[in-house]
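J.: Below, each chain spelled out in residue letters.
There are 2 protein chains.
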Amino acid sequence: MSDKLTFRQQQVLDCIRQFLSDTGMAPTRAELAELMGFQSKNAASDHLRALERKGYVRLHNDRSRGIQMLDAALWPEDELPVVGKVAAGLPIEAIENVERSVPVPQGMFRQRPTYLLRVQGDSMKDAGILDGDLIAVRKSNMARSGQIVVARIDDDVTVKTLKLGNGSATLMPANDDYSPITVGADQLVIEGIFVGLIRDAV
Amino acid sequence: MSDKLTFRQQQVLDCIRQFLSDTGMAPTRAELAELMGFQSKNAASDHLRALERKGYVRLHNDRSRGIQMLDAALWPEDELPVVGKVAAGLPIEAIENVERSVPVPQGMFRQRPTYLLRVQGDSMKDAGILDGDLIAVRKSNMARSGQIVVARIDDDVTVKTLKLGNGSATLMPANDDYSPITVGADQLVIEGIFVGLIRDAV
DNA sequence: AAGGGCACTGTTCTTTTCGACAGTATCCAT
DNA sequence: ATGGATACTGTCGAAAAGAACAGTGCCCTT
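Residue numbers (our numbering), protein chains in the order written: chain A, 1 to 202; chain B, 1001 to 1202.
Calculated directly from the structure, the hints in this document are not laboratory data.
Accuracy of the hints is not assured; some may be wrong.
Unchecked claim - Chain A stretches covered by chain B per the calculated footprint, using a threshold of three residues with CB under 8 Å from any CB of chain B:
#, stretch
1, 32–40
2, 58–66
3, 107–116
Claimed, not checked - Chain A side only, calculated, beta carbon under 8 Å to chain B, not exhaustive:
#, residue
4, ALA26
5, LEU80
6, VAL82
7, VAL102
8, VAL119
In this text, a Cβ means the ideal position worked out from N, Cα and C, and glycines have one as well.
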């Protein structure tokens, strides 16, 4: 859809977004140059032309502050994949598992999730995580004790609260009908950390 | 908070909002004058000064297109207000209660919510609704038995599962530590229906 | 080694835009 | 009846802003 930006172009785009959010208007070439530390406002012009060419902004000719952020730039990569049933052995984000994708705005969760996971079963119901809920997961291979994590033991993926002992790890369910699972720390693969939840009522 | 606008001032404000949404930038005095049909751009200037005085916009001096819409004027499409502590007796969407607003994409919930409500207390914890969660609520003054509703008895607003009997209504908590509340159907005001939930992990 | 994209500096010219000033007319409250 | 708020028309000068042009240097691919 939109071309990839260079590092500098990304900085310029972020700078415009910031200015827009602070003042409600787009920066002029001169303001942009000053914010980015350019000596010449033509440097800003060049970047703007690049951003327009790549589809991130629209420039209104001969209009002051005529920089219009397009969707691609305004809500960057806000579509997250929803992972459903996890095929044994495959990495959790394998394309085959993508159920659909859901737009998740920047800032909806304090920690930006990497993907969404459809919860199966009620082993975490006392933590308010019910069957069918979508949980927002930040991909990570480490976690602290006490965090709710998406973890894999052998080829089994589950959502549980992590408790770390010395050399061992325990996955605690939040439901009296289930029992904790303790394994050696080396047998456990952390897939990600629970950062939020979305539930759609019937 | 903000003064009442005259009819013409409201039209000008709407006009600016429209222009902003179409082009991503605020109109100049001249553009505003043309859109409103003024012969003189000073008419636009006068209106802008009035809008600033009344707290709807902020004018950035000597900056082109320096019209910044303030919160009072801007309730953007995707953004839903988050209602916090509900002041007794006031309608639930009273401006005073707005904590902040959160972008909620179209289609995130099957039923489009009207506002979000910050949950206080754990009376619905067995339904997976925890203290601090944001629930998505569709404003409605009617509900079916079995739905989770936001309801008011006198000046108390709570979230409970609704059970309707003949002539009476029962609000069922989802927590053994709380008891059901049964009242006459006429004493109960339904504020809205639970349509979804958003949780932000620490 | 040659060309192209990227990332700038520096300058000039023209248009856009703001802001200030000088008026007019209507309505409303004191 | 008088003053103030509202709602405009019309003009002007100065500052702000965009656009175009002429360069430089770096890196990467061919």
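J.: All hints are to be evaluated individually against the structure, with a verdict given for each.
T.: So, going through the hints one by one against the coordinates:
1. 32–40: violated (count 0)
2. 58–66: As far as the stretch 58–66 of chain A goes, the hint holds, because 6 residues have Cβ atoms under 8 Å from chain B.
3. 107–116: Since three or more residues must qualify, the claim that chain B covers the stretch 107–116 of chain A holds, with 5 doing so at under 8 Å.
4. ALA26: holds (6 Å)
5. LEU80: violated (11 Å)
6. VAL82: violated (12 Å)
7. VAL102: holds (6 Å)
8. VAL119: This hint is violated: VAL119 of chain A lies away from chain B, its Cβ roughly 10 Å from the closest one there, beyond 8 Å.
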